[in-house]
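Order-wise, the sequence lines are chains B and W. Using UniProt numbering, you'd call the opening residue of the first sequence number 1 and step up by one each time. Using UniProt numbering, you'd call the opening residue of the second sequence number 1 and step up by one each time.
Hints should not be assumed to be uniformly reliable.
One copy or any two copies: either way a pair holds, since identical chains are not told apart in the list.
Subject to a maximum C-alpha distance of 27 Å in a straight line, what follows is the list of computed DSS-like cross-link-like pairs (lysine-lysine) [said to hold, decoys possible]:
{"no.": "1", "residue 1": "LYS64", "residue 2": "LYS35"}
{"no.": "2", "residue 1": "LYS19", "residue 2": "LYS52"}
{"no.": "3", "residue 1": "LYS19", "residue 2": "LYS64"}
{"no.": "4", "residue 1": "LYS19", "residue 2": "LYS35"}
Rather than coming from a laboratory, the hints here were simulated on the basis of the structure. Since we're looking at a predicted model, the values are computed, not measured.
Residues per chain, in single letters:
Protein chains: 2
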Amino acid sequence: MSLLDYFKLSKPKTATLAKERLQILVAHERYYRNKPSYLPQLQEELMQVIRKYVQVDQDAISVKFEQDENQETLELNIVLPDTQSNSAREHIARDVF
Amino acid sequence: MSLLDYFKLSKPKTATLAKERLQILVAHERYYRNKPSYLPQLQEELMQVIRKYVQVDQDAISVKFEQDENQETLELNIVLPDTQSNSAREHIARDVF
């Protein structure tokens, strides 16, 4: 199964379907556990990078952290604000008039 | 299926199994395609963040970019160097002697 298929399957069947969404997933396979995980700190830095490209409200971010013996995953789900749809409408308006 | 399960299923059955790996996946659901994709530029910035935490050789990175009508995915697969296993061995040596 491709990654594109995974995201299609995991898409929520809710009202957020009409929203733009950004998902960031980080998986770290670890065989040597003598060092602490850096994923929580990495999460902060990833959000700083994302905010350079899109406006993100703090309450629009959901974070999930999972781990088992040899693997950790960090999942960030971000619902993007409607500003992009506004600019799309402006774009259409410019084309029409 | 959880994300952790997805990564387990997508694990390569090769010699790289014994290596530590880091995967970063970004999925952008887009409904308004009037703006260019920022994922290629985002990819560069994500790698800069990752390099703060782990040493990454350029040839240890594989990149996959997929897109369909409403979605784009960026997948970075990074095989981490053996320095972590070396420090694990040093750690064991310190405990023994």
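Exercise for review: Measure nothing new, just compare the shortest in-copy and cross-copy C-alpha distances for LYS19 and LYS52 to 27 Å and report within, between, both or neither.
Suggested key: within (20 Å within a copy, 33 Å between copies)
Exercise for review: Since the copies are identical, ignore which copy is meant and state whether LYS19 and LYS64 lie within 27 Å (CA to CA) inside a copy, between copies, both or neither.
Suggested key: Result: close both inside a copy and across copies, 20 Å intra and 25 Å inter.
**Study point:** Same-copy or cross-copy closeness of LYS64 to LYS35 [CA-CA at most 27 Å]
**Key:** within (21 Å within a copy, 29 Å between copies)
Check your understanding: Taking 27 Å as the upper bound on the Cα-Cα distance, should LYS19 and LYS35 be classified as within, between, both, or neither?
Key -> Intra 39 Å, inter 16 Å, cutoff 27 Å: inter-copy only.
In terms of the numbered hints stated before, the structure departs from none.
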